[in-house]
Structures are given as C-alpha cells and as structure tokens.
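**Q** Chains as they are written, first to last, in this note's numbering: chain A, 1 to 374; chain B, 1 to 374; chain C, 1 to 374; chain D, 1 to 374.
Hints may be right or wrong, so weigh each one.
[Stated by the list, open to error] Negatives, chain C to chain A, calculated, CB over 10 Å: (1) Pro250; (2) Ala281; (3) Ala306; (4) Asp327; (5) Val337.
[What the hints assert, rightly or not] Cβ-to-Cβ under 10 Å is the rule here; a few derived chain D residues that face chain B: (6) Asp64; (7) Ile244; (8) Ser247; (9) Gly315; (10) His317; (11) Ala339.
These are calculated hints, taken from the structure and not from any lab test.
Positions of the beta carbon are idealized from the N, C-alpha and C atoms, including for glycine.
There are 4 protein chains.
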Amino acid sequence: MLARLEIETPSWGYGDSGTRFATFPQAGRPRNAFERVDDAAEVHRLTAAAPAVALHFPWDQVDDLAALRAHIEARGLRVGAVNPNLFQELDYKLGSVANPDPVVRGRAVAHLLECVEIATALGSTAQSLWLADGTNYAGQDDLRARRERVLECLAEVYAALPPEQELLLEYKPFEPAFYATDVADWGSALLFCQKLGERAAVLVDFGHHLQGANIEQIVAILAAEGRLGGFHFNNRKYADDDLIVGSVNPFELFSVFVELGTELPRLTIDQAHNVEAKVEAMTLSVVNVQDAYAKALLVDRDALAAAQAEGDVLGAHEQLLEAFRCDVRELCGRARVAAGGAADPVAALRESGYVERIARERGEAAPVSAGWNA
Amino acid sequence: MLARLEIETPSWGYGDSGTRFATFPQAGRPRNAFERVDDAAEVHRLTAAAPAVALHFPWDQVDDLAALRAHIEARGLRVGAVNPNLFQELDYKLGSVANPDPVVRGRAVAHLLECVEIATALGSTAQSLWLADGTNYAGQDDLRARRERVLECLAEVYAALPPEQELLLEYKPFEPAFYATDVADWGSALLFCQKLGERAAVLVDFGHHLQGANIEQIVAILAAEGRLGGFHFNNRKYADDDLIVGSVNPFELFSVFVELGTELPRLTIDQAHNVEAKVEAMTLSVVNVQDAYAKALLVDRDALAAAQAEGDVLGAHEQLLEAFRCDVRELCGRARVAAGGAADPVAALRESGYVERIARERGEAAPVSAGWNA
Amino acid sequence: MLARLEIETPSWGYGDSGTRFATFPQAGRPRNAFERVDDAAEVHRLTAAAPAVALHFPWDQVDDLAALRAHIEARGLRVGAVNPNLFQELDYKLGSVANPDPVVRGRAVAHLLECVEIATALGSTAQSLWLADGTNYAGQDDLRARRERVLECLAEVYAALPPEQELLLEYKPFEPAFYATDVADWGSALLFCQKLGERAAVLVDFGHHLQGANIEQIVAILAAEGRLGGFHFNNRKYADDDLIVGSVNPFELFSVFVELGTELPRLTIDQAHNVEAKVEAMTLSVVNVQDAYAKALLVDRDALAAAQAEGDVLGAHEQLLEAFRCDVRELCGRARVAAGGAADPVAALRESGYVERIARERGEAAPVSAGWNA
Amino acid sequence: MLARLEIETPSWGYGDSGTRFATFPQAGRPRNAFERVDDAAEVHRLTAAAPAVALHFPWDQVDDLAALRAHIEARGLRVGAVNPNLFQELDYKLGSVANPDPVVRGRAVAHLLECVEIATALGSTAQSLWLADGTNYAGQDDLRARRERVLECLAEVYAALPPEQELLLEYKPFEPAFYATDVADWGSALLFCQKLGERAAVLVDFGHHLQGANIEQIVAILAAEGRLGGFHFNNRKYADDDLIVGSVNPFELFSVFVELGTELPRLTIDQAHNVEAKVEAMTLSVVNVQDAYAKALLVDRDALAAAQAEGDVLGAHEQLLEAFRCDVRELCGRARVAAGGAADPVAALRESGYVERIARERGEAAPVSAGWNA
C-alpha cells in the first residue's frame with residue numbers, strides 16, 4: 001500500500017522564493033525548467049515516491065515543449081499538473097478573470113487556454129488553478145459581479161478542456177488580496193466546480209485556511225461529494241507560511257491521511273523554502289508525507305469503527321494515537337529501498353554531493369530582491 | 001425605506017445567560033414565555049422596528065399555544081422563527097441528528113417534527129435550526145457517516161414542512177464541539193440545503209466564523225445563490241462572544257447592509273447579555289441595526305458603480321466611507337417617531353421605569369449557576 | 001530522568017464540566033473532595049507520575065482540612081497548588097479584584113487570604129490564581145484603573161504569603177470576558193509578578209493564547225527571566241477548548257519539553273472532559289505528557305547545538321524530528337512499571353473495573369445543567 | 001486640541017510596495033528621497049497634520065544629508081524617526097542582531113550605529129527599529145541564545161544614542177519568520193526596553209498582532225508603564241495587511257484614541273498601498289486619523305467616569321457610541337482650513353492635478369517584480 005503513494009514535486013519549489021521583505025538567493029538555483037526537472041528527479045531518486053513534476057507557466061516556458069517532455073521522461077518522471085500564472089502582470093493588478101476590465105479578462109482567458117494546449121503537448125492531465133484575484137477595500141468592487149466574471153471565464157476554459165484533463169480549483173482566504181478574495185474558501189470553490197462540470201474539482205492547500213479550520217473535515221466533505229481534486233502540501237503556524245509539510249503539526253497531516261484511507265487524490269507539494277536548503281527541504285517533505293501515510297495505514301479500522309459505533313469517545317481516539325505513536329522510519333526505509341530509493345533519503349542526499357555539484361555547475365546566486373522597496 | 005426594517009428579537013435573549021464559568025441572574029428576569037413576550041413588546045414599543053419575537057422550544061413551551069399566540073398578537077407582535085433545541089438532553093451528549101445511536105436520532109427528529117407543528121399552531125413561517133452536533137477528538141466518530149445521518153434526519157423534517165414554512169440551517173465552527181462540528185461553515189450548510197430543497201436556506205450568525213472571515217462576502221454568495229435565509233445578529237472580538245450587534249465593529253455591520261441593499265432577509269438578534277441590562281441591551285441592539293441600515297441606504301450607488309467600473313479603488317471605497325461617516329441619529333429618530341416609537345429608545349427606556357417595574361413584579365433573581373463545577 | 005516527571009492532577013477535573021450550552025453529568029462523579037482525591041490516587045496508581053492533587057476552593061472546602069490532608073497522604077499523594085475561585089459569586093459579575101466597588105474587592109481579597117491559610121493547613125506550596133476579571137464592552141470600565149486595583153489587591157495577598165508558598169498568576173485572553181481581560185497575556189502577568197516580588201511567577205495554560213501564539217517561545221522567555229511558575233496542561237484547536245493535552249498537536253507539547261530540558265516547573269493538568277470518560281481521560285493525559293517528555297529527553301543536544309551554530313536550518317530541525325519519531329511507549333511503560341505503575345495505564349484502567357465500581361458506589365448522575373437558559 | 005495632532009508619514013509609503021507575489025509599479029513613483037519628501041509635503045499641504053516625514057535607511061541614503069534635511073525643511077516639514085533596515089542583505093538570511101554568526105551581528109550593529117549618526121545629522125529624535133529576525137522551524141536555533149544576542153547588540157546601540165534620541169522597538173508575531181520571531185509581542189519588546197534604559201520604548205504597529213488582540217488595552221498598559229513609544233498606523237483584516245488606517249475597523253482606531261486621551265505619542269503611518277493611488281491613500285489615512293481623534297475628543301469624560309464608577313455597563317459604553325456616531329467631517333475640515341490645509345483633502349488632491357503632474361515628470365513605472373519566482 002505504501003508503494004501507492006505518488007507525490008508531485010513543484011518545479012517552482014526548486015527556484016528561489018521569499019517574502020515581500022526579501023528573497024534570499026541560494027547557490028545552485030536551477031537556471032531553467034530543465035534544471036528544475038533535474039532537481040525533481042534527484043528527489044525521486046532518493047525517495048522513490050515523487051515520480052511527477054508539476055509545472056508553472058510561463059515560469060517553465062520553453063521553446064520546445066517536446067524537448068522538455070522528453071527530458072522529464074528521460075529523468076524517469078512524468079508531467080504533473082500544469083499551473084497557470086495570473087498574478088504577475090501589471091494588467092492583473094485589480095484581478096485577472098474577475099477584473100472589471102473585459103480586455104484584461106480576455107487576456108487571462110487566453111493564457112488559460114494556452115495552458116490547456118501546453119498540458120496537451122506535455123501529456124499532463126490537470127490544470128491546477130490558483131486565482132490571486134480579490135479586493136483590498138470594502139466597496140472596491142462589486143463582489144457578486146466579480147463572481148459572475150470568474151464563472152464566465154472559467155466556463156470558457158472548461159469547455160476547451162480535452163477529456164483527459166481536469167480542472168483543479170484552489171481556494172485561499174487572503175494574500176495577496178486583503179479584504180475579499182474571489183475564491184476564498186472551499187465552499188466558494190465547490191460552487192464554481194458544481195457549475196462547471198464533473199471534471200472540475202477542489203484543490204486543498206494546507207496553508208489556505210483561516211486559523212482553526214479543520215482540514216480533514218473539509219477533505220471528508222469534498223471526498224464525499226466527489227469533488228476532492230487533490231492537495232497542495234505544506235504547513236503553517238500563522239498565515240500561508242508555506243513551510244515544510246508536517247513540520248508544524250504532523251498529527252494533522254496524519255489525520256488527513258486517516259480520512260483519505262487508500263483512495264489518494266493528486267498529491268502535490270507547494271512550499272517556499274526561504275531559508276532552508278531547497279533540495280533537502282523537498283526530500284524531507286516527501287519523507288514526512290510517507291511517514292504520515294504509513295502511520296495512517298496502521299490504524300486498525302475495524303477497532304476504530306467498533307469504538308465509534310459504541311460511542312466510546314476515547315477508545316476511538318486512542319486507535320488513532322496508537323498508530324501515530326508507531327515509529328515507521330524503518331518500515332518506510334525498507335519500502336523506499338524496495339522501490340529503488342534510499343533508506344534514509346536526507347542522509348543519502350547529504351552524502352551524495354548533489355547539492356555541492358549543482359552549486360558548482362550552475363554558478364552564482366542572484367542578488368537579493370524584495371517586494372517592498374522605496 | 002428605513003421603515004422596511006423589521007427585526008425579530010429572541011425570547012431567550014430576555015432570560016439569563018452566561019458562560020460555562022457562571023450565569024449571573026438579573027432582577028426582573030421573565031418567569032415564562034408570556035413575560036418574555038412582554039419584554040419583546042417593550043423593545044418594539046421603543047424602537048418601532050422589532051415587530052416579531054423568535055421562540056425557542058422547549059424553553060417557550062406552554063400548555064396552550066393558542067393563548068401564547070394571542071398574547072403575542074395582543075402585544076402588537078407576531079411570531080418569528082421557531083428554534084428547536086437539540087443540545088440540552090443527556091441523550092445528545094454525542095450529538096442529536098448526527099448521533100451514532102439511531103434511537104437518539106429518532107428522538108431528535110421527533111422534537112423537530114413537533115416544532116413544525118408548533119410553528120403551524122403559532123403561525124410561524126420558519127424553523128431556525130442550529131445543531132450543536134460535533135466531536136471533540138480526532139477519530140471519535142466517522143465524519144462522513146455523521147454527515148449522512150444529519151442529511152437523512154433533516155430530509156425527514158423537510159418533507160414534513162408545510163408550504164409556508166422554510167428551514168433555516170445555521171452553521172458554527174466550534175463550541176460546544178471542539179474538534180469537528182457537523183455543520184461547521186456556510187459551505188457545509190449550503191450543501192445540506194441544496195440536497196433538501198428550495199425552502200432550505202442558510203442562516204448567518206455573525207459570531208459563527210473563524211477569525212478573519214469576510215461575512216459580507218459570504219452574504220453576497222448566499223444571496224446570489226438564492227440561499228440566504230437570514231441572520232442572527234450579534235458581534236464578537238474572539239470566539240462566539242454573543243455581544244451586542246455593532247459593538248465591536250460597526251463598519252462590518254454597515255458593510256453587510258451595503259451588500260444586502262434593500263432586499264432584507266429574516267433579521268433576528270441572537271445575543272447573550274451576561275453582564276449588561278437585558279432590555280436595554282436589546283433596545284440598543286435594534287438601534288445599532290437601524291443605524292447601520294440607515295447609513296447603508298445613504299450610499300450613492302451610482303457613484304459607487306461608476307468608480308468600481310473604472311477600477312478607481314479608493315474612489316469606490318470612499319463612497320462607503322462617506323455614507324458611514326454620516327450621523328443618522330436624528331434621521332433614525334424621526335423615522336422611529338413616525339412609526340410610533342421613541343426618538344431615543346435607550347433614553348426613553350431609562351426614563352420609563354419599565355426595568356424597575358419588572359424587577360419589582362417578577363421577584364427575586366435565581367442563584368448563580370455554572371457549567372463547570374466540581 | 002523520566003522518573004523526575006511529577007504531574008499534579010486537578011480535583012476539579014474529576015467532577016462534571018461542560019459548556020454554556022450543557023453540562024452532561026457522568027456516572028461515578030465524585031460526590032466530594034475525598035472522592036475526587038480517590039480518583040486522583042487511581043490515576044497515580046496507574047501512571048506512577050501523578051503524585052499530587054491540585055485543589056480548588058471553595059469547591060474542595062471541607063469542615064476538617066486536616067482530615068482532607070490525611071486522606072490525601074493516605075492515598076499516597078501530596079497536596080498540589082491551591083486554586084482560589086473568584087468567578088462564581090454574584091458580586092463578581094463585574095470583576096473580583098478589578099471590580100470598581102471596593103466592597104467587592106475586599107471580599108475577593110478575603111477569599112484569597114483564606115486560601116493562603118488553607119494552603120498552610122494543607123502543606124501546599126503554591127497559590128495558583130486565575131482571574132476571570134474583565135470587561136465586555138469598550139468603555140465599560142477604565143482599563144488602567146482596573147489594573148491598579150488588581151495590583152493593590154494582589155500585593156496585599158502576596159504580603160501575607162508564608163515563605164514556602166509562591167503566587168502563580170495565570171493569564172487568559174478571553175472568556176468569560178469578551179472585550180478586555182485584566183490579565184490577558186503573559187506580558188501582563190509578568191508585569192504584575194515583577195511588581196509583587198520574587199515568589200510571584202507566571203503560569204502558562206496551553207489553551208490561554210490567541211491563535212498562532214508560540215507557546216514554547218513564551219516558555220523560553222519566562223524561564224530566562226526566572227518567572228516560569230508552571231503549566232496548566234490541556235490542548236485546543238479553537239479557543240480555550242480544554243481538551244486532553246497532546247490530543248490536537250503532540251509536536252507542540254514535545255517542543256515545549258524540548259525547551260524546558262530537565263528543569264521542570266510545576267506541571268498541572270487543567271482540562272474539561274465534557275464527553276469523554278473522566279478517569280480515563282486523566283490517565284491518558286498523564287501518558288501523553290510522559291510520551292512527550294520522554295521524546296524530548298532523546299534529543300541529541302550536542303548535535304542540535306552544533307547544527308544551530310552552523311546555521312544548518314534543516315540539520316537542526318531534523319534533530320527534533322528524529323527524537324519525535326521514536327516510539328517511546330515501551331520505554332515509558334518500563335519506567336512506569338519500575339516506579340510501581342502500569343505498563344499500559346489506559347488498558348489497565350479498563351481492565352481494573354474501577355470506573356464501574358465508582359459508578360455503582362457513588363450513585364446517580366446529576367441532571368443536565370446549562371449556562372444559557374431562558 | 002485637534003490642532004495638536006501631528007502625524008509622520010513614511011518616505012517608504014510613497015514608493016512601490018507589494019506582496020511576495022507581485023509588486024505593481026505606479027506611475028509617478030518618486031525616484032529618490034527628495035521626491036518622496038515632495039509627496040510627504042503634498043500630504044501635509046492638504047491635511048495640515050502631517051508635518052514630519054519618517055525616513056528609512058539605506059533606502060533614503062543620499063550623498064549629502066544636509067541637503068536632504070534642507071530640502072525637508074524647505075518643504076515645511078521636519079525629519080521624523082529614522083528607520084534602520086536589517087532585512088535586505090543576504091547576510092541577514094538567518095537574522096541580523098540575533099544571527100548565530102558574530103560577524104553578521106557586528107555588521108548589523110554597525111548599520112544601527114550609522115543610523116544614529118544619520119539621525120543626529122538630520123535632527124531626528126528617534127531610532128525606530130523593526131527586527132525581521134526569527135526562525136522558520138522548531139529547533140532551527142536556540143531561542144534563549146538569540147534573545148541574549150539581541151539584547152547585547154541593542155545595548156551597544158543604546159549606549160551610543162545621544163540624549164535627544166530615543167529607541168523605539170517594534171514587535172511583530174510573524175512574517176518574514178514563520179516559526180518564532182525574536183521580538184514577537186509587546187511583552188518581549190517591553191522586556192528589552194526595561195533592560196536597555198529609560199529612553200527605550202515600545203512601538204505599536206496596528207497590524208502586528210495575532211487575531212483578536214486588544215490593541216487599546218496594550219496601549220493602556222504601555223502608557224501606564226511609561227513605555228509607549230508610538231504607533232505605526234495601518235489596518236488589517238487578516239495578517240499584517242498594511243491597509244489604510246481605519247479602513248477595516250474605524251471603531252478600533254477611535255477606541256485607541258479614547259485610551260490615549262490628549263497625551264499623544266509619536267504617530268506614524270506605515271502602510272503598503274499595493275493597488276490604490278499612493279498619495280491619495282496617504283491623504284485619506286491622515287484624514288481617517290483626524291476623524292478618529294476628533295471623535296475621541298468628543299467623549300464626555302465625566303459622564304463616562306460616572307457610569308464606570310456605578311458599574312453601569314451600557315451607560316458607560318454608550319458614552320463612546322455617542323461620540324463615535326457624531327459626524328466630524330465639517331469640524332475637521334474647519335480645523336484643517338484654520339491650519340492652512342484643505343477642507344476636503346482627498347477632493348482637493350483630485351482637483352489639484354498633483355498626481356498627473358508627478359506621473360508626467362517622474363517618467364515610466366518600473367517592471368513588475370516579485371518575491372516568488374522560479
């Protein structure tokens with residue numbers, strides 16, 4: 001069962017990331033999409049559980065998509081979801097598909113349609129869409145009109161999807177918009193998906209919730225409705241911190257896997273490694289997910305169901321505790337080795353010299369950049 | 001337009017309320033449903049905007065419903081929503097309609113069906129349902145099975161509703177359940193309503209959100225979907241504090257009314273006046289709502305739409321600010337007097353001697369009670 | 001080292017507790033302080049790590065304190081902290097030591113002084129003080145004047161403390177006060193302690209923080225300042241949920257113990273077992289604390305310090321992960337058995353028949369009570 | 001009294017700002033410190049209440065400080081606080097004054113000492129220090145050691161302060177650090193100030209609190225302790241959103257001014273105008289502050305104190321409501337005109353052509369930049 005776990009690592013997770021205050025460049029940062037794929041392949045080599053790489057456009061734009069696809073496959077990977085980018089053009093300052101200006105909306109739709117074609121060319125089976133659209137002040141724009149605009153644009157894109165592609169719609173309560181985000185919560189995302197069609201589903205990013213939200217319950221509802229499209233794994237203590245999955249509350253990650261059982265949707269890592277070593281951070285992230293999944297598989301489902309049926313509150317809860325308390329490092333290590341990976345991927349990475357090699361080969365880091373500058 | 005505003009005050013808001021630590025009894029506390037109606041009538045006499053009284057069963061249970069209805073109408077009021085109670089029986093310790101035990105669920109459904117009959121007898125047009133159901137620990141119960149049980153029970157009740165009654169379903173993220181509440185957010189409530197039928201709608205309680213939730217946006221979505229059933233007015237700074245509506249952030253209350261425009265759903269106050277004078281608190285609450293609604297009516301909608309269309313962020317926002325900054329006390333006072341109320345309801349209450357009179361007539365306060373005692 | 005762990009369980013944790021909505025009585029609820037001590041002794045018998053029982057007055061008031069002390073010692077326990085109660089009298093509706101009325105403040109001080117004498121009689125070495133004082137509305141009272149009143153009252157109590165007693169001051173951001181709590185955060189509590197004297201220290205309750213607060217960092221600061229008086233253990237996902245310690249985020253509990261090292265302050269459990277079996281809940285709580293402490297002891301401190309010194313972000317973090325991932329159930333079980341407890345305390349409790357016996361002997365449960373009733 | 005209000009506007013608030021996702025450049029963005037001063041002068045010309053400009057170094061670094069000071073004074077302004085920058089150098093990736101590397105700490109101290117000299121040269125009377133220092137993962141660094149390092153560095157800087165300069169220390173719970181920020185809350189900041197000396201005081205930024213924090217209570221405590229150094233005005237709904245002060249909850253801003261009374265500390269605006277017109281946003285911000293302060297001056301302090309003394313909860317609260325409900329636009333307009341400003345500063349700005357002129361004169365906007373890029 002453990003071998004079923006397949007995680008997509010994000011090409012953008014190998015590049016530099018930061019906050020509005022500063023982005024600290026790292027040595028060995030990949031210079032293009034091909035090198036980002038190389039890093040993803042290294043993570044898969046070590047963990048044997050990261051066989052796909054999610055791409056982001058135009059960040060991963062190349063002249064020859066076929067060459068990129070060939071490179072990915074040559075590295076033993078497949079293409080994961082395609083992620084369009086609708087937040088880094090001046091036109092999108094007041095929104096993309098929710099923008100009051102129809103010209104801007106048209107431009108946004110054109111990019112989305114282009115991504116459908118890119119996905120087709122690459123053999124990807126999903127558009128994974130996060131909208132940064134929203135407003136910063138009460139009254140800034142008409143909330144209902146914005147919602148209608150979003151729906152109209154998404155419907156146009158959905159209609160263009162080939163049958164093998166699905167549309168994953170992500171929600172997020174705030175940032176970069178600080179008053180009202182147009183797809184703010186799972187309910188908002190689900191309503192759009194219901195109107196679009198059966199191949200539209202909701203993507204759950206761990207950091208995209210208000211404080212206290214019960215993520216495993218959201219997962220349960222979406223799964224029951226047949227609309228759980230997948231995850232963006234990360235972790236947070238405060239806002240959308242994009243830390244390593246499982247680093248803040250590993251019991252929450254475990255609880256999500258308990259809810260999923262063995263029916264796993266698309267699982268993608270989406271993190272920002274601002275201060276930690278990037279390839280190691282991604283490797284550790286995959287290990288953390290394997291750890292949580294392995295523990296969830298150890299839950300005695302019959303005993304759990306029996307205790308639940310009897311209203312034995314603690315008896316049921318303790319079934320989860322018992323599984324969570326197990327040390328699954330050796331179990332996971334054996335599974336990884338059996339699948340061609342390393343028993344201890346982080347240690348193997350540190351011993352491999354990979355990080356030193358890319359630092360040497362890829363040259364100097366970029367200067368510090370920032371979103372806030374006078 | 002201001003005269004259109006009609007608020008339901010809650011019979012339970014005139015009784016004692018507290019926290020788990022203590023409920024401090026107040027002098028003049030009504031001894032039965034009839035006296036609670038008397039207090040509601042006093043609030044309407046002063047404000048001319050609270051013509052309905054929402055009831056709670058079995059708290060407002062009387063031997064003769066016809067007599068209660070006659071009393072309500074004799075006081076110049078009408079019956080508002082009927083609120084069933086599914087959280088104060090030992091059977092409901094692990095839930096009511098979500099309880100793993102079918103016997104308990106049956107009991108809960110029986111109470112709900114009884115409330116439908118009560119509403120018919122009283123001429124009420126709505127069941128207003130809040131479920132305290134939920135779990136306190138991961139694994140305690142199966143989240144999906146609980147959801148199916150809730151739906152099955154609600155469907156049975158919905159089927160029994162006479163055509164003039166609607167079912168309002170409230171959501172709440174936590175308290176009394178502290179791990180997973182079965183109807184935790186507006187999305188959860190809306191999914192149930194979609195499955196039940198057209199006369200099921202979502203009720204928005206201001207205090208039933210996680211920190212940061214944008215209530216006016218939720219209102220916009222529910223209204224656009226035709227599923228905004230109404231409000232429970234109150235305010236909070238922390239959790240479900242049940243303070244006086246508009247006392248923490250009056251601009252938020254105003255923003256909700258800006259979103260509603262002149263299409264007002266059922267508006268009910270639901271507060272817990274733990275330390276403040278109850279009748280005065282209710283009177284002030286109605287005044288705060290009138291104030292917010294009056295300001296919202298002053299928004300220059302054409303100018304707002306024009307600024308929004310141009311992407312004039314601050315020009316649009318300033319339209320709201322201009323209306324909010326107006327002093328509408330005199331305007332509201334005139335409207336109240338024209339409708340038979342008082343220019344300054346709080347001052348009028350203080351001068352009327354009503355509070356002193358009920359303290360005299362209704363006798364001694366009860367002892368302090370508490371939810372936490374060794 | 002594991003044997004050093006000594007936890008106080010709270011007498012009030014064996015009685016019934018609930019929310020403002022309902023308190024569901026449990027069979028076997030102890031009828032008096034002596035029976036609460038019996039339950040505490042059972043938890044210590046099973047865990048061998050709960051040798052003290054914290055008391056609450058007037059809840060644990062008895063005619064003969066010497067008899068209570070003798071009973072406690074006969075059960076193999078000692079008296080933990082004494083907890084005064086300043087929130088369940090009608091006089092305290094607007095506060096106790098912060099009340100604008102000097103008569104009420106005098107009454108509060110008198111109770112606190114009485115508790116000092118009680119502690120002396122019982123051999124307790126700490127007053128553990130939580131103040132429910134606060135306001136519900138902006139302007140309700142003068143925040144600075146309230147603070148001065150609190151200080152004046154506490155200074156009077158501090159002056160009366162015998163040298164073997166310390167004053168632990170707890171903070172809490174909200175509930176039962178919903179606008180401003182007079183001792184709302186650790187900074188507020190610390191300022192009072194600084195002004196009182198060296199035997200005043202801050203007590204950290206896990207549930208008494210705003211969402212996102214970093215508890216282990218607060219612990220680090222208070223310890224560095226020599227003002228960490230102890231803990232009230234519990235866990236929460238939302239507000240002050242008072243769930244079983246370690247049940248929401250066991251990694252956070254572990255991180256607090258990593259911060260403490262082997263210098264453990266007073267450790268007390270303070271929970272409300274509203275729906276779960278009480279004696280089992282307390283037993284599981286002690287086990288959870290043992291588990292977290294045992295894992296913290298496994299951290300390789302030298303390797304951690306080395307990685308920190310090198311700025312090896314993930315290398316340092318992974319030292320914590322490695323320890324946390326260990327399965328310490330057997331290790332803890334052996335330590336418990338060596339100290340006279342059970343290898344698996346929860347299983348031993350279930351097999352012992354203790355719960356059935358007290359249900360039989362102590363008779364019928366009380367009726368449901370609630371803080372909110374019309 | 002209204003004329004006493006003097007606000008510092010921030011030079012960096014006239015430049016471009018954004019989020020990690022994108023910084024959208026605006027036309028007319030000042031090209032250097034001199035032009036930023038010109039914008040500040042325009043805001044003061046319109047509002048007659050913004051006579052100082054806070055500066056940020058090295059962002060406002062110029063070859064000739066005397067020339068900058070002369071320019072500022074020629075524009076009718078004075079120099080506000082000097083703000084050092086310790087977060088945009090690669091060295092500071094793991095912290096500045098808390099960095100484990102003493103070389104980096106030395107560099108940070110050198111910059112701080114340079115800022116003391118800059119302030120002396122400019123006639124500034126305050127260092128306003130925000131530290132971005134913190135960690136992203138449990139175990140990443142030793143929290144207590146970091147605190148000692150911070151104190152050691154700040155003590156060195158404090159010792160170098162000339163008598164006319166004070167040290168304002170800002171706190172912030174998270175961002176850019178996402179696990180533990182080294183000066184996370186007011187208590188942490190106050191402890192540093194206590195250890196540094198009498199001219200160290202805490203600076204309160206409205207957005208730098210966890211959800212639910214009662215800012216006016218923090219203000220009351222710091223003022224009572226003689227350690228309220230000043231404010232960074234802005235507003236937020238979610239995290240540190242840096243929206244226009246008063247735009248989310250104007251009643252909270254009013255409540256802070258009620259707490260302050262007429263003893264105003266240093267008042268500075270610190271906002272990020274990501275999507276709105278910058279000069280207009282700053283002008284509106286000053287107007288919002290004037291509005292809140294004017295309303296606070298209208299509170300009947302005697303009636304308030306009387307109601308508080310009587311324990312008249314609502315009577316006291318209503319004193320605040322009465323003042324807040326007043327329309328002070330005309331009053332503020334008259335005060336501005338009397339002081340040489342505009343009756344309606346925002347309208348006057350829109351009519352003045354200033355924004356169009358600077359767009360013309362200062363040339364093309366910069367390209368979109370972002371903190372997150374692959």
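**Q** Out of the numbered hints, which ones does the structure contradict?
**A** 1, 2, 4, 6, 11
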